[in-house]
Amino acid sequence: MDKPFAITLDPGSSLANKTGSWRTFRPVYVDRLPPCNAACPAGENIQGWLYHAESGDYEQAWRALTENNPLPAIMGRVCYHPCQGACNRQFVDSAVGINAVERFLGDEAIRHGWAFEKPGKSSGKRVLVVGAGPSGLSAAYHLARQGHAVEIHEAGPMAGGMMRFGIPKYRLPRDVIDAEVRRIVDLGVTLKLDTKVANIAEAMQAGRFDAAFLAVGAHIGKRAFIPAADATRIVDAVSVLRSMEGEEKPMLGRRVVVYGGGNTAIDVARTAKRLGAEEAIIVYRRTREKAPAHDSEIEEALQEGVMVKWLSTIKQAAEGEITIEKMALDDKGFPQPTGEFENLAADSVVLALGQDVDLGLLEGVPGLEVKDGVVQVGPNMMTGHAGIFAGGDMVPSERTVTVAVGHGKKAARHIDAWLAGASYAPPPKHEVATFDKLNPWYYSEAPLQVRPVLDIIRRQSTFEEVVQGLDENNALFEARRCLSCGNCFECDNCYGVCPDNAVIKLGPGKRFRFNYDYCKGCGICVTECPCGAIRMVPEEN
Amino acid sequence: MSFQPVKFYQTGTFTVGNRLLPPEERSVQAQTKRFNSINSGHRACQGCGEALGARYAVDAAMEAANGQLICANATGCLEVFSTPYPETSWQVPWIHSLFGNTAAVATGIAAALKVKQLKGERRDIRVVAQGGDGGTTDIGFGCLSGMFERNDDVLYICYDNGGYMNTGIQRSSATPPAARTATTLAVGDEPGNLFGQGKFVPAIAMAHEIPYVATATVADLRDLEAKVRRAMAIRGARYLHILVPCPLGWGTASHETIRIARLAKETGIFPVFEAEHGELKSVLAIRRPLPVEDYLKPQKRYAHLFAPKARLEVIARLQQLADRNIRRYGLLEGN
Ligand SMILES: Cc1cc2nc3c(=O)[nH]c(=O)nc-3n(C[C@H](O)[C@H](O)[C@H](O)COP(=O)(O)OP(=O)(O)OC[C@H]3O[C@@H](n4cnc5c(N)ncnc54)[C@H](O)[C@@H]3O)c2cc1C
Ligand SMILES: Cc1ncc(C[n+]2csc(CCOP(=O)(O)OP(=O)(O)O)c2C)c(N)n1
Ligand code: SF4
Ligand SMILES: [Mg+2]
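Note that the protein sequences, when read in sequence, are chains A and B. The opening position of the first sequence corresponds to residue 1 in the working numbering, with each subsequent residue numbered one higher. The opening position of the second sequence corresponds to residue 542 in the working numbering, with each subsequent residue numbered one higher.
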């Protein structure tokens with residue numbers, strides 16, 4: 001033995017001691033569903049694309065975004081962003097400005113001319129899409145990428161549907177619609193304008209289509225009976241907004257009364273102001289809180305000088321004047337007439353009371369079910385008639401661009417499967433990464449970046465876009481406010497906080513792995529993971 | 542604050558690393574090739590704060606010394622769980638002293654290295670001494686004070702878990718008031734450790750006017766690493782006192798170790814600061830002020846303050862101590 005005095009054994013490493021055997025629970029990496037993604041009607045992987053935007057890779061972010069939604073520059077302007085209502089950051093300071101970043105990415109894509117990847121091999125199947133609104137465009141995009149030959153038949157002279165013939169320019173400039181539509185057409189989609197489908201069965205037969213997706217929207221303005229003198233101008237909001245796209249602007253007069261409390265009412269009133277009306281007054285039978293219009297839009301309208309008579313109905317219209325009756329809410333919150341009247345000067349009355357669907361093209365199609373004026377579809381977006389699918393405003397829905405886009409995507413997946421004689425089963429959803437799963441300590445203080453707004457004078461007299469975009473600095477900052485809920489963003493916390501060195505760092509983009517030989521199952525990594533991407537599970541034995 | 546915090550980048554410098562930060566701005570612990578000075582397979586309890594604090598501190602010292610480091614280690618949990626003969630977790634030259642003489646052993650090593658360097662036999666090798674609060678504030682205190690007073694070139698690191706944990710959780714002079722230990726049971730009129738006893742060695746170290754004194758916790762890695770780096774850039778006697786929660790002794794869940802350390806700092810119970818030559822230089826400010834209950838409640842060693850009936854007057858006294866820290870060190874300033 002040639003060891004020093006009193007030494008009998010060679011030094012050994014504690015690695016011989018596999019402390020993993022102590023464990024009763026083990027940590028596992030998980031991907032939870034971020035609440036924003038869960039709330040997105042278009043099924044966007046918001047956290048996923050923000051992740052790329054955070055590192056400044058905007059093109060990758062845009063590609064990740066457009067996996068699900070081909071219209072980011074449009075969405076970034078008109079989407080009512082339920083994602084932000086669900087965003088976990090609202091419990092830290094305020095929700096991430098997802099919509100603003102989406103718009104930034106959409107505008108970047110237009111600026112740089114980023115194009116979609118061309119579809120792979122052709123399926124040999126032909127699909128007819130009726131209507132070039134958001135739902136039809138979305139379906140066409142996904143179907144084309146799946147390799148199907150897609151033809152869109154659009155009754156109008158331009159694509160976009162209500163995005164073009166409803167939503168005013170000051171919220172959605174037309175070159176944005178043009179650019180995003182062109183990119184879809186460039187995928188190889190055939191867009192036939194001024195092509196109204198009068199009968200779906202005939203159109204499918206004539207074009208030898210294997211399946212059809214209907215997205216004709218809801219364009220017939222609802223009427224209300226108002227006793228009126230012959231001379232009174234009563235028009236409907238959708239027609240007014242549609243005529244804004246033509247050569248001749250609508251003649252509404254100096255004093256315009258708009259009847260209704262939805263976004264369409266707001267848009268018409270704001271349009272009337274811009275057309276030169278001295279007064280644009282909205283008459284609505286319930287309260288501001290109860291109005292279906294989004295509060296931010298009501299606010300913007302009020303800023304521009306639009307006036308509102310809440311809790312009022314129109315009793316009658318005479319020449320140059322209308323009579324309104326004051327309402328009061330009853331115990332159940334319903335408006336009831338009070339018998340109190342008021343006269344308002346009015347050159348025209350615009351009805352914005354909602355829209356009905358023109359179902360003419362479906363005449364004689366067997367199996368179809370229509371309820372409450374809209375076409376019924378199954379969970380796969382197929383109507384009662386095999387091979388005919390439908391989505392957007394013409395089916396039961398919240399009637400937003402985002403829902404329409406989501407319907408288009410969902411329908412495309414089911415049509416794709418149906419054409420192959422199969423059925424599409426969506427992958428199981430991960431558990432939602434609720435706020436209690438996060439460790440908010442780790443996120444740095446970062447105030448919301450607010451989009452600049454056009455000055456009020458120009459908002460009252462021009463159709464220039466009201467809400468402007470973020471610049472690159474702000475957009476990057478905003479993207480980095482994302483907490484990355486439920487999905488590892490490689491902050492190295494687990495790797496650092498393990499008292500047992502039992503976390504292996506795999507390198508950039510590769511995340512981490514547990515070394516279960518030594519992990520004692522203390523759970524510190526789980527508690528200290530900022531974004532809730534680790535879970536403890538009981539050991540089997 | 543001892544380091545320049547990164548203001549934003551999603552998590553700034555709160556997390557261990559951050560994929561958005563340039564590599565040189567990430568922590569030592571974020572590196573794939575960190576030293577792992579205390580390796581896997583050690584026998585510390587699940588969630589041991591001391592094992593974690595030791596790797597944080599010694600890895601940072603190794604990085605600062607380019608791996609040219611010798612550690613002396615007092616008897617205590619850290620020594621016992623890391624080196625059951627013949628195995629060791631240490632990946633650094635390491636010597637086990639006695640319970641009470643680590644500071645003296647480290648002084649001796651530093652002196653020997655100095656001689657060797659003068660003779661041209663050795664390059665510059667740095668020395669760290671480390672021990673628990675018992676080994677530091679009680680039995681080792683004479684040796685430590687001597688090391689300070691002579692300004693020996695040693696960084697002394699005390700891992701404060703508030704008691705003699707290795708021998709069964711007995712009281713030390715660093716056990717906080719009201720805490721239950723095996724020798725301060727939760728019985729009688731004044732259950733748990735008495736108020737008005739014990740000592741806070743960082744303040745005593747400052748009174749020695751040594752070049753550098755700092756406190757840290759395992760909840761603020763960037764701060765801890767910056768302090769080790771600062772200490773290693775200085776010659777002479779340096780003292781770093783790290784609060785390391787002990788799940789077994791404090792009666793906390795093993796996954797809560799870092800959270801508890803954070804609460805100690807955020808409530809003002811444990812002041813985190815640094816001092817040079819006896820003068821306070823910076824504090825790690827409280828980010829989100831909290832009442833002491835938030836810190837006390839999750840710990841079974843304070844269970845008698847909440848059941849069978851709440852001892853509000855005791856909690857109030859602890860709050861006064863925290864408030865005094867906040868005042869004395871200015872813990873709410875610089876926010
Ligand atoms: C004024 C107004 C403002 C709005 N603002 C917003 C907003 O800010 N955000 C939001 O999310 N939503 C908004 N909406 C709702 C949104 O525009 C619609 O929910 C969405 O456009 C519906 O999409 P769609 O594809 O189902 O139908 P549409 O957009 O209505 O498109 C249907 C298309 O089908 C065509 N078509 C109809 N019949 C035929 C036929 N027989 N043959 C061929 N083509 C046909 C139409 O010409 C049209 O182009 C607004 C709506 C209005 C009216
Ligand atoms: C002179 C002497 N007295 C008593 C002991 C027994 N002993 C070993 S470790 C220890 C307590 C260590 O407490 P601390 O220094 O706080 O370290 P911890 O275990 O808490 O980390 C004691 C009393 C000893 N080893 N030597
Ligand atoms: S913080 Fe990010 S991932 Fe979480 S909900 Fe908000 S946007 Fe989505
Ligand atoms: Mg101790």
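Mixed in with the good hints, there may be bad ones.
Taking beta-carbon pairs under 8 Å as the criterion, some of the chain A residues facing chain B (in silico) [what the hints assert, rightly or not]: (1) D2; (2) F5; (3) L9; (4) G12; (5) L15; (6) S55; (7) D57; (8) C491; (9) N493; (10) Y495; (11) A502; (12) K520; (13) G521; (14) V526.
Hints were generated in silico from the structure; no laboratory data involved. For glycine and all other residues, C-beta sits at the position ideal for the given N, C-alpha and C.
Quick rundown of the hints versus the structure:
| no. | hint | verdict |
| --- | --- | --- |
| 1 | D2 | 16 Å, violated |
| 2 | F5 | 15 Å, violated |
| 3 | L9 | 4 Å, holds |
| 4 | G12 | 4 Å, holds |
| 5 | L15 | 5 Å, holds |
| 6 | S55 | 6 Å, holds |
| 7 | D57 | 11 Å, violated |
| 8 | C491 | 4 Å, holds |
| 9 | N493 | 5 Å, holds |
| 10 | Y495 | 6 Å, holds |
| 11 | A502 | 6 Å, holds |
| 12 | K520 | 5 Å, holds |
| 13 | G521 | 6 Å, holds |
| 14 | V526 | 6 Å, holds |
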